[in-house]
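Given next are the chains, with one letter for each unit.
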Amino acid sequence: YQRRVRGSYIALHSQIHSSCFQNIYLAGKSITEKAVNRIVNGDTILIFKKSQLILHILLEAKAQNKEFKVVVVDSRPDLSGVSSCERLTAAGIPCSYVYINSSTYIMKKVTKVMLAADALLANGYVLGPVGTAMMGLIANTYNKPVIVCCETYKFCERVQTDSILYNELADPDSMLKTLNAEESPVAGWRESPNTRLVNLVYDTTPPALVSIVITEIAELPCSSAPVVLRRGAVKM
Amino acid sequence: VVSTQSTASFKNHEMDPFLLKKIPKDTVSRLEEFALYLRESKKERRSYVSVVKTVNVFRDLICTADWVTARELIKIIKCYCKYLPLSQSNETDVSNVVRRILKIIREENAGPEATNLADGISAFFKSDMKPSNLGRSDLQDNILNSIVELLVELDTSKSNIINMALEHIHSNERILTYGHSNTIRDFLLHGRRARDFEVIVCESGPSLQGHRMAAELSAGGIKTTVIADSAAFAIIHAVNKVIIGTHTIMADGALRAANGVHQLAMAAKYFSVPVIVCAALYKLSPTHLCSYDPDAFNKVIGPENMLNFSNAKLHSKVLISNPDFDYVPSDLIELFITNTGGHAPSYLYRIISELYHPDDYDLDNMCVETVEDEL
Numbered sequence: 001y002q003r004r005v006r007g008s009y010i011a012l013h014s015q016i017h018s019s020c021f022q023n024i025y026l027a028g029k030s031i032t033e034k035a036v037n038r039i040v041n042g043d044t045i046l047i048f049k050k051s052q053l054i055l056h057i058l059l060e061a062k063a064q065n066k067e068f069k070v071v072v073v074d075s076r077p078d079l080s081g082v083s084s085c086e087r088l089t090a091a092g093i094p095c096s097y098v099y100i101n102s103s104t105y106i107m108k109k110v111t112k113v114m115l116a117a118d119a120l121l122a123n124g125y126v127l128g129p130v131g132t133a134m135m136g137l138i139a140n141t142y143n144k145p146v147i148v149c150c151e152t153y154k155f156c157e158r159v160q161t162d163s164i165l166y167n168e169l170a171d172p173d174s175m176l177k178t179l180n181a182e183e184s185p186v187a188g189w190r191e192s193p194n195t196r197l198v199n200l201v202y203d204t205t206p207p208a209l210v211s212i213v214i215t216e217i218a219e220l221p222c223s224s225a226p227v228v229l230r231r232g233a234v235k236m
Numbered sequence: 237v238v239s240t241q242s243t244a245s246f247k248n249h250e251m252d253p254f255l256l257k258k259i260p261k262d263t264v265s266r267l268e269e270f271a272l273y274l275r276e277s278k279k280e281r282r283s284y285v286s287v288v289k290t291v292n293v294f295r296d297l298i299c300t301a302d303w304v305t306a307r308e309l310i311k312i313i314k315c316y317c318k319y320l321p322l323s324q325s326n327e328t329d330v331s332n333v334v335r336r337i338l339k340i341i342r343e344e345n346a347g348p349e350a351t352n353l354a355d356g357i358s359a360f361f362k363s364d365m366k367p368s369n370l371g372r373s374d375l376q377d378n379i380l381n382s383i384v385e386l387l388v389e390l391d392t393s394k395s396n397i398i399n400m401a402l403e404h405i406h407s408n409e410r411i412l413t414y415g416h417s418n419t420i421r422d423f424l425l426h427g428r429r430a431r432d433f434e435v436i437v438c439e440s441g442p443s444l445q446g447h448r449m450a451a452e453l454s455a456g457g458i459k460t461t462v463i464a465d466s467a468a469f470a471i472i473h474a475v476n477k478v479i480i481g482t483h484t485i486m487a488d489g490a491l492r493a494a495n496g497v498h499q500l501a502m503a504a505k506y507f508s509v510p511v512i513v514c515a516a517l518y519k520l521s522p523t524h525l526c527s528y529d530p531d532a533f534n535k536v537i538g539p540e541n542m543l544n545f546s547n548a549k550l551h552s553k554v555l556i557s558n559p560d561f562d563y564v565p566s567d568l569i570e571l572f573i574t575n576t577g578g579h580a581p582s583y584l585y586r587i588i589s590e591l592y593h594p595d596d597y598d599l600d601n602m603c604v605e606t607v608e609d610e611l
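Line order of the protein sequences matches chains A and B.
Those letters in the first sequence? Residues 1 to 236, by our numbering.
Those letters in the second sequence? Residues 237 to 611, by our numbering.
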């Protein structure tokens, strides 16, 4: 009996391991291949903050000797775009860095926008770090293609039409961090009954603002999300 | 109408000898002081303060300079304008007030039966720079009286705007605003006296002026929420209206506003949330956007608020852009609330034709009047 238990334990363990390998690691590689094909010489690609997958795509494109520039759009309070810049410059990719406020200023010179998703909802909305929806809107207004890269394990049966219904709040005190030594005027916000700081984590991008979603099984429009879910693409 | 860039006024630290001939020495020192004040203007300089200063300086100039006809006076003023750093994008309020003063001079010279140049083609061929019947002292008195009226208008412009707060703010509304504006702060505080509503303030990075605005609003008793600029799209569908201030209003109803207002207005348009701009008419400039380049329209400032200089390795490799202003096209704006009331963006051209004379749109142009020069 104990031998059978141990045997099934080993089988389960190897099944989990291979599923992880397939759905996360290999999926990432497949998406990278497809996305790198979309990058051409002379491109200026806009990315938003930091995403392992998008950085992997850009580094792979550089390794294939494609000539392109990257614009990194960053936003407060976490400013993760700085580490994106560091990784890109280390690989020798020419970079620009702006805050999200200036995104309309630089959008004219951009050729493609590549965004990462935290989830793809069943009604086609893309859940991403807060600010993703704004990038999608501005890119659409200036007629730039918006490419969302998302593995199929991130597809989700939940539906949502706005960003507030279901969201997360991060530490509000991180919004008080300023780069110069001055203290923010709202530093005493907890004592004041009228002041609140809200630090949203996610926002949802409407499917109309997204041109294409690159997944490991295919390159799809956002509206195909329920089809992928139905197929049971995430097989254990 | 082209917004031109004249670098001559930066390099030329000596006043034109023509000017020095016409103006007594102590006035010259006051004029040089004013030019220095404009050159060294700080970011938090209140536009109302500099506008009043401008009127006083020019009033001084009109009283003490050596002129006989209005034509001579306008030449002197335009010569002085070339000496001022007016082509920096910070100084549009000063240029606008100078244009108002020039319009006053032209009107007083033309006399009480003056034709408004905007009415009718025949008016284009009438010269209103003919030497008037009035001698210098009478003309000067009339001009100074009109300038006093202008000062009263500037003085009351903010109170006229904020008195309209109750017409535009309802109870239990959620209003979104961006960054810091003295006009908007007073507008909202005035509304608070009679209505209970909430305000959401966008931080407006990298300068984080929104924090200052939030502190001032909550000290005034308004429930304020501070959000990051990236969250604007996420919350704007739950907001009733967007009320913002601006640095300049362009001739077609577009704005030169704080960095980040354009994307906010785009998000508002997407969800059909009205965008209301409160600004006094001295911010209305008869210039159009001809190029998005920093030289012609925008101003790029230092990136120390974006990325710490201690990260020198990154600073040396990465191109960091920190534009100060944002261009907001007029189709994204619903309403302008000015000291003369509420106006649609499409009506501003009419106001411009009343406030300014076409020959003054380009202050670098020394021409006093196109009609006679062509004839």
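By construction, these hints were calculated from the structure, which means they are not laboratory data.
Please note that a few of the clues may not be correct.
[As the list claims (entries may be wrong)] Computed cross-link-like contacts, BS3-like style, restricted to lysine-lysine with a CA-CA straight-line distance of at most 27 angstroms: (1) 535(B) with 109(A); (2) 549(B) with 69(A); (3) 261(B) with 109(A); (4) 66(A) with 553(B); (5) 553(B) with 505(B); (6) 66(A) with 549(B); (7) 261(B) with 177(A); (8) 535(B) with 459(B); (9) 112(A) with 261(B); (10) 459(B) with 69(A); (11) 177(A) with 505(B); (12) 261(B) with 108(A).
Verification of the supplied hints:
no., hint, verdict
1, 535(B) with 109(A), "holds (18 angstroms)"
2, 549(B) with 69(A), "holds (19 angstroms)"
3, 261(B) with 109(A), "violated (52 angstroms)"
4, 66(A) with 553(B), "holds (19 angstroms)"
5, 553(B) with 505(B), "violated (37 angstroms)"
6, 66(A) with 549(B), "holds (24 angstroms)"
7, 261(B) with 177(A), "violated (52 angstroms)"
8, 535(B) with 459(B), "violated (34 angstroms)"
9, 112(A) with 261(B), "violated (61 angstroms)"
10, 459(B) with 69(A), "violated (44 angstroms)"
11, 177(A) with 505(B), "violated (31 angstroms)"
12, 261(B) with 108(A), "violated (51 angstroms)"
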